Amino acid sequence: MKINNLFIWLKQKPRIAFFMCLPLILMVACLIIYPFFYSIFLATLNKAETKFVGFANFLFLFKRETFWLVVQQSIFFALVAVFFKALIGFIAAHSINAIPSKGQRKWRGMLLIPWVIPPALSTLGWWWLFEPTYSALNWLLEKLSIDAIPWLSETFWARFSIILVNIWVGAPFFLIMYLAALKSIPEDLYEAASIDGANYWQKLFFITLPMMKNIISITILFSIIVTFANFDIVRVLTRGGPIDTTHLFATYAFRVGIESGDIPLGAAVSLFMFPVLAVLSFIILRNVRKRTNEV
Amino acid sequence: MKKASINRRKFVKGVSAVGGYTIAAPYVKTAHSAGKLLLGIWSHWIPGADDMLRHILVKWGEKNGVEVKVDFITSIGNKLLLTAQAESRAKTGHDIFSLPTWFGTMFKHRLDPIDDVVEDIINKHGPLLDSARFYAHLDGHWRGAPAPTGSFFDSFVSRFDLFKEHAGIDLKEMFPANENRNEELINNWTYDTFLIAAEKLYKAGKPFGATIGATPDSRWLSSLFTAYGAELVNKDGDISVDSDSVREVLEYLKKLTEFMPKSVYAWDDSSNNRWLISGEGSVISNPASAWAVAKRDNPNVAKNLWHHDAPRGPKGRFRPDNSQYWGIWSFAQNKSAAKDLLRYVSEKSVVDACVEASQGYDIPLIISHFKDNKTWVDASPPDGVLYNYPMRGDEVPVAPGYPAPPEIASQITTQYIIANLVARITSKGQSIKKGIRWAENELEGIMRG
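For the protein sequence lines, the chains are A and B, in the order given.
The numbering used here puts the first sequence at residues 1 to 295.
The numbering used here puts the second sequence at residues 1 to 449.
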């Protein structure tokens, strides 16, 4: 009787859902929630981790020239990279959508390759192309009688290189999301617009973009978070150089926390982006919710 | 445990009685050693060196009834550092752990004091190099004992054929593979002389190459700074970067970098090796690994290489010191056996075997162990290529960031403040005044409590 009751209790939908999600909840708790709170705790300690110092580590960072350089670079890197990823993803999605459905699959597959390869590996391939002394790209340029480019040893080109690789890795994500969004727009809307005499641009601005607004917002939000927190591309290509001019929050936190052994300050650096991203997430998700409710 | 110890003592007695002393002979111990011993050891660059060390350690374990397990951990991608950080925080892992350069400073709160071990070593073998105290004697205690592998000093590694042809300098005459050094020539081997040679080699299309980036190989800058008496932080822990000697060395570097490849600002630790081995460069600052790889990959370059002293600056002649220690974690499970093993690996027979297996790359940290080591004398081609790889003249090994206290020197090094300061001025065109102001701001940062 008791066992039967237990089965009945377990069979109720919310409970089944909870138990099925439990492994994921545990993983999130162990790998995200616990480290997050632990890093907050670490960020409130002194360098030797022997004394509680409150917000002193954060206040200390505000006075550091290199830290503000990292802040500027992270914002610049994230905005430029996400803009181009979104633009290229949008154009590529439209181009693929315009292909007859029979040929779309192979293009989708090929264009997803950069996103599927582990970034640390693909970035190593890029590093060979950019290598400071024996760059494969420079070898090609020299064959064409063009001066070699200091891909990784000058600030401008080093920033260009890490942004380029980030776009290469991340654009397929936008492509696949936008392609899915494009396919969900009813054909009737375009047909009706055509009957009304709308041209390509009018259809784009008055049908396609409004219908894709939510997915665009969410992909941009997701990409900003991931791009802000990027580590592997910078670590493999430049290690934050030259002269710290390509450091992002994550690579600088690694330098300060792990390489220099100042774990509390490293934790403070990595947590610095949290409020910025939290506010951004709140605004974007609120707009998405608002639009969904309107629909 | 007790039983094992008695048996071991009997074993030691037996071995002593026959008077046999082989490479695997047990060290005469004062503590009980038995059970398991886990070692996390830096994985050597030189093929075969790890195998020799494993053989020595396992043999020692077999003789002493200790099950020795060695994990060779690469430093590529900071794996050794990440492992140390993880073990230090989790308070579990190996018993003995490699402590390259600043690990002792970074993890001193998790390392057992081993004064008794190091004092035994000094009493038996004589003094360690001065820099050992700087790296491993922290807060009044020894936290690391000399490691048998992994220590090296960056000598100048030059193409003697190119130096002779383009700069008119006969390096083999100046630094011969015997005791008959030409003091007059050596006295003239200064950084000013080197600048002139660097210009000539640059014009010949075979420049001097050394990284000015955020990577450990940029330590050559630190010894250059020391040669000019340029300190970022003095021995009392006061910021002293705003000084005439710092300005002087930066002025010197402005001139020197004109004759270096522009890519040095993005070089990693292997770039200078590739630069020399490919035949494009004429001189780098490096241990013996570039030559060892050149022997395999480009023998024509290898046969024209020569290891020799650094030039002298106004305050002396210095070599970057990259010494390595072994420490015992405070959470180690078998401290007694660990201490015995640390004593054992400081034996000359062990060190000699490791030096030989590393093709001369490893440098002993115990001064007496330099004597009668044939590896550096016999290495070839060319004959005598490594004779001057261990210091033979007036050079002094110097830790990066010296003379700042170790805690500060480690931060100066690991945050690459010297390399970034030099790069700001020589590549970004920043004024020396502005660069020094930046360095002051960074130094204030690293000295926080």
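Where hints are given, some of them may not hold.
Simulated pairs of lysine to aspartate or glutamate, EDC-like, Cα-Cα distance not exceeding 20 Å [stated by the list, open to error]:
1) B:428 - A:142
2) B:254 - A:154
3) A:143 - B:280
Note that these hints are calculated values from the structure, not bench results.
Being a predicted model, the structure only gives us computed values, none of them experimental.
Hint check results:
1. A threshold of 20 Å between alpha carbons decides the hint, and for residue 428 of chain B with residue 142 of chain A the separation of about 25 Å lies outside it, so the pair is violated.
2. Distance restraint check for residue 254 of chain B and residue 154 of chain A: the Cα-Cα separation of roughly 17 Å lies within the 20 Å cut-off, and the hinted pair is therefore satisfied.
3. For the suggested pair residue 143 of chain A and residue 280 of chain B, the alpha carbons sit about 19 Å apart, so the restraint of at most 20 Å is met.
Going through the hint list in order, the structure does not satisfy hint 1, though it satisfies all others.
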